[in-house]
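Q: Since each chain sits alone in its own frame, please combine them into the complex, following the hints.
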Amino acid sequence: AQSVAQPEDQVNVAEGNPLTVKCTYSVSGNPYLFWYVQYPNRGLQFLLKYITGDNLVKGSYGFEAEFNKSQTSFHLKKPSALVSDSALYFCAVRDEGYSTLTFGKGTMLLVSP
Amino acid sequence: SAVISQKPSRDICQRGTSLTIQCQVDSQVTMMFWYRQQPGQSLTLIATANQGSEATYESGFVIDKFPISRPNLTFSTLTVSNMSPEDSSIYLCSVLDEGGETQYFGPGTRLLVL
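Protein chains in written order, with this note's numbering: chain A, 1 to 113; chain B, 1001 to 1114.
Hints were generated in silico from the structure; no laboratory data involved.
Each statement offered as a hint is correct.
Sample of chain A residues at the chain B side, in silico, Cβ under 10 Å:
#1 Tyr32
#2 Gln38
#3 Arg42
#4 Gln45
#5 Lys49
#6 Ile51
#7 Ser99
#8 Phe103
#9 Gly104
Since the structure is predicted, the reported quantities are computational estimates derived from the model, not experimental observations.
Each residue gets a CB set at the ideal place from its N, CA and C atoms; glycine is no exception.
Chain B extracted, bound-state conformation (with noise of 0.2 Å):
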């Protein structure tokens, strides 16, 4: 399975500002996911980003509040603009093998916003 790292792991922010989470993959993926996961909730899908092309966007996120960016096939971002503590959120990023089968989470992001 593919190893999946995020960065930073968490971070406490002020309101009206952005922050830019890394994901690092050890292994080249075609597809790359973005979720989220409010307290006490499940996980939603922000995003599907694919190395080459515009992220695909779930009904309810926009690009100028989550965007993306896949650079290459190990690697993508995804910053959270100009926060508010609604944002307060664990982000995880996810990559499907190689089969088209599974999908693999990072660690997570655990972000407050203040």
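Isolated chain A (complex conformation) (with noise of 0.2 Å):
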């Protein structure tokens, strides 16, 4: 079985400061790990994701994510938050050979002026 915890609900940041978002992670096989963004009204947009290789992996806007191993985690960083990144945040996981994403509950990020 897979699963994935965001263990914030909201996390509150002012802008300009950096950021982060929290995830951990379960599979029984190797993992392949997604950060999505979903705005108000939108679609989920895809940030960024870890299959193998370098364990800090960058992607859209300026956001970052990486992996840890032995903490079983993929926390979502930016150096400098803007206020449009306000928005609705989710990790997913699938196990290496299975083709169903899991999703975390979701974090909202509100970066204030």
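A: Put into structure tokens, the structure is as follows:
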């Protein structure tokens, strides 16, 4: 079985400050890890993924995430938050060899001016 | 990445009726998925739809309630049958890219059942 945990319902950060949105996962094999963002009244947009290789992956809009195998984590980060980053962020995992994604419950990111 | 469109974008329906949601992709894809996102909730997979075979439904979802068609490699429909207010959700179509790694999502269909 595969599962994802996003421990924070909401993250608040001031514009210009660094942000972190946490994600931990559980799979039986090798994980394929993803971050998606959902803006109000919009579908999900793909941000970045980790499949293999460098543990630090870079994605759209200046976001990056670090894969940590020992801690089974894949936290989303950005050095300097923008008000326009305010949205709902989903972490997702897929076990290698399986086709279905499992999503976390989502974390609302609120960036204040 | 694939460009995915859905119709309708939103609808308000009466209980007991049915609604068919269309999903169109700008390229041929093998695997398509239908998800439900209930208000304030995460995404739940309804079924996987591969062209030329019956859809595979997840636990808690049945074909009589959510019939799916997949007539070709660029198109799929999901029907929400005999609707009740509990069916009020966002329904999202998703495809797996050619490399088999990344899923992309359509804009969603926002359904309100009265």
